[in-house]
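Undergrad: Given next are the chains, with one letter for each unit.
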Amino acid sequence: MEEKLLSGAELVIRGLEHLKVSTIFGVPGGAILPAYDPLYDSPIRHILARHEQGSGHMAEGYAQATGELGVVIATSGPGATNLITSLNNALMDSTPLLAITGQVATEAIGNDAFQEAYTVGLTMAATKHNYLITDASEIPQVLLEAKHIATTGRPGPVLVDIPKDILNQKAKWIEPKLVDLPGYKPTLDANPKMIQQAVNLIKDSKKPLLYVGGGIIHSKANIELFDLAQKFNIPVVTTLMGRGAFPDGHELCLGMPGMHGNYTATTSIQNSDLLIAIGVRFDDRVTANPKFFAQNAKVIHADIDPAEIGKVRDAEVPIVGDAKSVIKGLIDKLGDTKLETSNWIQEINEMRESYPLTFTQDEDGPLKVPYVLEELQKMSEDDSIVVSGVGQHQMWISLHWKFTKPNTWLNSGGLGTMGYSLPAAIGAKAAYPDRQVLSLDGDGCFQMTCQELITASTENIPLKIVVFNNGNHGMVRQWQKIFYKNRFSASELTHHTPDYVKLAEAMGAVGLRMEQKSEVKDVFEKMLEINDKPVLVDCVVDPDDMVFPMVPAGGSNDVIILNEEDLKKI
Amino acid sequence: MSERILSVLVEDKPGVLARISSTISRRGFNINSLSVGPTNIDGRSKMTIVTELESVEQVKKQLNKLINVIKIVELDPDNTIESEVLLMKVSINKDSQTSVIEKANLSGAKSVDVGQDYAVFELTGTSKELKKFENLMKPFGIIEMIRGGRIAIQSNL
Ligand SMILES: Cc1ncc(C[n+]2csc(CCOP(=O)(O)OP(=O)(O)O)c2C)c(N)n1
Ligand SMILES: [Mg+2]
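Protein chains in written order, with numbering that gives the first Met the number 0: chain A, 0 to 569; chain B, 0 to 156.
One chain only, chain A, in its complex shape (with noise of 0.2 Å):
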């Protein structure tokens, strides 16, 4: 029987269901309409945005929380111009992502089109490949090669363009197959040889540390290093995109580490003799500068990306795999071996215990954060996904939440894109109906995309939200009062414009407020029973509430302030 011929439009959207999408996320326009109307008739769930730069961010939360493919649809020119920021922001923290683009048609491109932009030249920096597509023919195929580069390997975003005509063009659907692709090929399997060199230094190590990031929670590998760890007795750090990665409240769990991580992390990786970093790229925000970092320390460096390896800090042992391939070699090659790590585990704990994490809520002062934050998780639920924006509201949440899972912690930890908060959690709720979903944000941030509070009221996504309003650009006006002598300049919002409830009333969600501490047990219990609609908590904060510890940007990590005291050793 002759197969039916099918428009480039049909084959995006068979292409799709193929690869079995079942949620895409897009703003429809010009040149990537022709797509849309394959769309009607199938079953994938098409979540409308408000901003291009939203869908973006629903499809990253989408991903993150899953630890799959998210796909974003958008249209040529200010659709994928718009788009950017997200893309950007999916590269920079490894997320899987596919973004369809409409483009002119392929005659006019390049002659300034009405609404023509170069995406592919535009996003060349900003996605992990991209692709240009010149025929209807390729589509299926080039899908399926955009999702394989895309989840495999470093994850990252792929975008695909193509121009309207060949969205109209009839091509036979060819059943795409995975083919090798020639530049392509991810080292999953960690080389014998060198876990070996890294099991020899881990049994000479007096101090070992594991300094953990994302790649465990690409890698899926939450399971092996837990045993890992507990097994040998060794303490982790989890980085931010790493929290999760191993649980919190575990003897061994010393969390974050950094320019805002608490004092026991930041510091145990300074007194350590060996660092086993795996699925992390010494960030500048938690080496401060790298000539002071972990300077008695040698080095085992884990990637799946050998770019990441001996770019910031050279590695005794640099050793490229997938974190699991990695951490199971491991544990095999150090079969029955038994570590010493009792004193040093001990000084940890002193450590611990000299310098806890502290924050005081006065009984009738302004509600702090942390105060805030410590409430609402004893009334959450365990699984609840928490969603953050940039600033000091996200490095609060860091220190001060309790994560026990991977993919229960999504923020923007790279690229630090304020107005991803709130769009990836509608994603990530999207994703997962049933479980809670919160998105804690700044006032700041929550402003850059609040109007997909919208998408979330019109697409019957419940999430709840906690802003968390200082009035302020509160990160801003923490390095004001520390580095420009108080000089507020253009970071104070105020408290009270928007009116965050009515706000939220009006875009068809729930708003209620608290503003001191005898509300927020009642407000909270409010916000958590409704479930047919999105919440909006305004949670009305101290503006003088400063992020500590804190080491200033370039700084040693060996001098922590601790406190506004401590402001004066800078």
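The hints are simulated quantities; they were obtained by calculation from the structure and are not laboratory data. Remember, it's a predicted structure, so these values are computed and weren't measured experimentally. Be aware that a few hints might be false.
If you want the footprint, here are the derived chain A segments under chain B, 3+ residues with CB under 8 Å [said to hold, decoys possible]:
#1 116–127
#2 251–264
For lysine to any residue, the following SDA-like pairs were computed, each having C-alpha atoms within a straight-line distance of at most 25 Å [what the hints assert, rightly or not]:
#3 B:K60 / A:L180
#4 B:K59 / A:P185
#5 B:K12 / A:L180
We put the CB at the ideal spot given by N, CA and C, even for glycine.
Fit chain B with the ligands to the given chain A structure using the hints.
TA: Same frame as chain A, now just chain B with the ligands:
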């Protein structure tokens, strides 16, 4: 400073040169020369990239991340055959004509076009030889000069 030469096999796809140069400039790598051309294999091009020793590891690793880059070989500095082509237009007059052409030919350059007041030379050689030739011709007045970029191949020795 010590140089390293990379021979980069790439898929001959639209945008591949842009991807490579974008990666190089985005990462702030120092590149002394880059040339590109077809190979004997269909659908494959080869780039020769000359960079500094300090950045060579990162250049290799970052370029290897590009999907269209198939293979990168760092050539052994002691065992490399290197070549570059140069075209140069030099001004001449009745008095200088003979001496310019003679000097050029002695350097191994070919005169490919000689006019009333100019001569065009073509020279193939290592970058050192080309530089030497440039210095030799400078006093006569170089009107225009183009170099084709360095290419290199590993010897089997
Ligand atoms: C898109 C974007 N623009 C600017 C910044 C710089 N920046 C970092 S944190 C911050 C303030 C965030 O304010 P808010 O959301 O209220 O959080 P807070 O620090 O008050 O908790 C700003 C402006 C950024 N990270 N992202
Ligand atoms: Mg704020």
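Undergrad: Please check whether the stretch 251–264 of chain A has three or more residues whose CB lies within less than 8 Å of a CB on chain B.
TA: violated (count 0)
Undergrad: Is the straight-line distance between the alpha-carbon of K59 (chain B) and that of P185 (chain A) 25 Å or less?
TA: Answer holds: K59 (chain B) to P185 (chain A) is near 15 Å, not above 25 Å.
Undergrad: Given the proposed pairing of K60 (chain B) with L180 (chain A), does the C-alpha separation stay at or below 25 Å?
TA: holds, 18 Å
Undergrad: For the stretch 116–127 of chain A, do at least 3 residues have a Cβ located nearer than 8 Å to some Cβ of chain B?
TA: holds (count 5)
Undergrad: Tell me if the straight-line CA distance from K12 (chain B) to L180 (chain A) falls inside 25 Å.
TA: Measuring from Cα to Cα gives roughly 13 Å; hence the hint holds.
Hint check: a violation occurs at hint 2 only; the rest are consistent with the structure.
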